[in-house]
Every structure is written in C-alpha cells, then in structure tokens.
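Assemble chain B onto chain A, guided by the hints.
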Amino acid sequence: DTEVTQTPKHLVMGMTNKKSLKCEQHMGHRAMYWYKQKAKKPPELMFVYSYEKLSINESVPSRFSPECPNSSLLNLHLHALQPEDSALYLCASNIIGTGLSSYNSPLHFGNGTRLTVT
Amino acid sequence: AQSVTQLGSHVSVSEGALVLLRCNYSSSVPPYLFWYVQYPNQGLQLLLKYTSAATLVKGINGFEAEFKKSETSFHLTKPSAHMSDAAEYFCAVFLSGAQKLVFGQGTRLTINP
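Chain order of the listed sequences is A and B.
One point on numbering: in our numbering, the residue at position 50 of the first sequence is 50, and numbering is uninterrupted.
Add 1000 to the 1-based position in the second sequence for our numbering, that's all there is to it.
For the record, the hints were derived by calculation from the structure and aren't laboratory data.
All of these numbers come straight from a predicted model, not from anything done at the bench.
All clues stand as given, with none of them false.
Derived CB-CB ranges, DEER-like:
no., chain 1, residue 1, chain 2, residue 2, range
1, B, T1072, A, I95, 22 to 30 Å
2, B, I1060, A, I56, 24 to 32 Å
3, A, L73, B, L1046, 19 to 27 Å
4, B, Q1105, A, P83, 21 to 29 Å
5, A, H79, B, T1055, 46 to 54 Å
6, A, E84, B, T1055, 36 to 44 Å
7, B, T1072, A, L73, 38 to 46 Å
8, B, M1083, A, Y51, 41 to 49 Å
9, A, T118, B, P1040, 18 to 26 Å
Some but not every residue of chain B turned toward chain A, in silico, with C-beta under 7 Å:
no., residue
10, L1044
11, L1046
12, K1049
13, K1100
14, L1101
15, Q1105
16, G1106
Beta carbons are placed, not taken as given, at the ideal position from N, Cα and C, and that holds for glycine.
Next up, chain B with everything else stripped away, as it sits in the complex:
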C-alpha cells in the first residue's frame, strides 16, 4: 500500500538557518506527492506538489522539494528559515485508483530567534 513517512515529529532551527523536513514514500508505482503546511487554528495550505515533470519542485514561501526515486524520498527544504515558517508540515500521497489523500504524521517546525 502506498504511504508516506515523515522522519522527526519536531524540528527546531534558528532563524536564517537551513530547513530540512524529511519525507519518504513507499510505492511500487509513480507516487503523487504533496507538501502541505498548517498554521495554528487554520486549515491546510498547499506548499508544492510533485508532477513528474521535474524532480526539483519549487513551491510557495521559498520552499522546494526534490524527488529522489533511488532514495524514495521527497524532502522539503528552505535555504533560510523565517519566524513565520513556524507551523506543522505534512507530506501526503494521493492514492492512485482512489480519491484519497493520505498524510504523514506531520513535523512541527519551530524557529528560534
């Protein structure tokens, strides 16, 4: 069954430092992968999606993710963290053959001043 696993339930970085949030997928067919962000007391907002057109995907707010088939990974990065990036981040996979978006467990990102 297709699924995603997020490594690290909590990541803390200093303002201006690199942000790296890890996501690994399990799939025998090309996966349809997404990253969403959830700010406190809000719904989920799409950061970016993997479309198979390019392995490096650029999203909103300076985030990007690289699809690596050899590592079955789709890690999310941002070169320089900003205080406003503090939020919960979810990696998700859209299950082929069904209209189901399944989320990883989430990673809470904390930014230290």
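Pulled out of the complex, with its shape left as it was, chain A reads as follows:
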C-alpha cells in the first residue's frame, strides 16, 4: 500500500468540464509534487510546493491550477483541458531536509490518477 493517496483513480472529463485531482499524505512531509506521465514516457515535473507555498511551476498551462490547502493535502484543479492532456497524474511528497539530506530524501509517490480528456 502506498502512503500517498490519490483520488480518483480514474477520471474521464470533457473539454468544457471542471474537475479536481486530490492527493493526501500523513507522513509529515513538507514538500509535495505533481508529475505528469504520458504512456511509455518518464514522469515530468509540473509543480512543487514547499511548506504549502508554490516553489516551482514548470511553465505549466494555466488550465492546470494547483492548490495546497494544508501540509497534508495537494489538489490539482483542471479546467478546459485538451485531449493531449490525457495522462497519468502522479502526486509525490518528501522531507525537506538541510544539507545533504535536502538532496537525497526520496520521493514517495501515489498510484496516480489516470485522466482521459474527451
């Protein structure tokens, strides 16, 4: 079982819909991430939150809107998506350490939400 929980597991939405992906962790991690993974490709970083503040946005289109309401929750709000946005969306978290531990703290991933945009 994964310690990072993502809901829903599957989502089908039309291009005019508004939906949200949710991610939850209770490991006390203060860094949380959204990755996008297309079929047969590696995950690509979208957003990073550190201490509930957005620290990295990898030039993601504004139709994707992240939100971190508290230290355990991470949301990804979706609006007016395109069919090419269909992918597996992965949430991850890790410890924000200091010194060496800030670089080798492994990410813990959820099982993802499989999104299909029709």
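Structure of chain B alone, referenced to chain A:
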C-alpha cells in the same frame, strides 16, 4: 546540467538470469541518484538511493547498484530474475540547488519463463 541516461529502452532476460539495467549520469558535482520501479497501473516505488556513504548500494527485492565515478555510472543489477520483476525501471537524479527529481527515459524489463 545534471541528467541521467538509461541505455536500452527494453531489456529481456530469462527467469533466473542476471538482470543488468544501465544508467549513466552527467554531473560535475556529486550526484544524488535513485532507482525507481513502476509496475503496470501503479505509481513509482523507490528501489534504492546513492548516499555517498558506500559505492555499492543494496535496495529492496534483491536489487543493488554500484556507483562508479570513473565511469559516471550507476547500473542496477539483480543476480537472479524473477517473473515479478517485470516492470518499468527509472534512474533519476535529484538536481542540487532545486527540488527537482529528473528521470531517465526508463527501461522496460521483461522476464521470459
């Protein structure tokens, strides 16, 4: 810029045979390297990480990796493949100065009975 390159997008071995998945890194400073595994329809699971405390790193499920600075490599091995090892394997580097884990292209491991 730091990055990792995985040699071979697909590796096929027989059950019981040695597994060798290749990863080379490019970095002018000590890299922070990881191997992750992804089973079908699941997220990524950490296999092992390089911490600079030892060049030979043991991970879960019988996997290990050896850090070789002279070859800029961090290859993943397992002495005897099991059917349950069939999955996608990703080498990754955590970029120093930024909270970014960057993945290689992945290697799909197939196990033949």
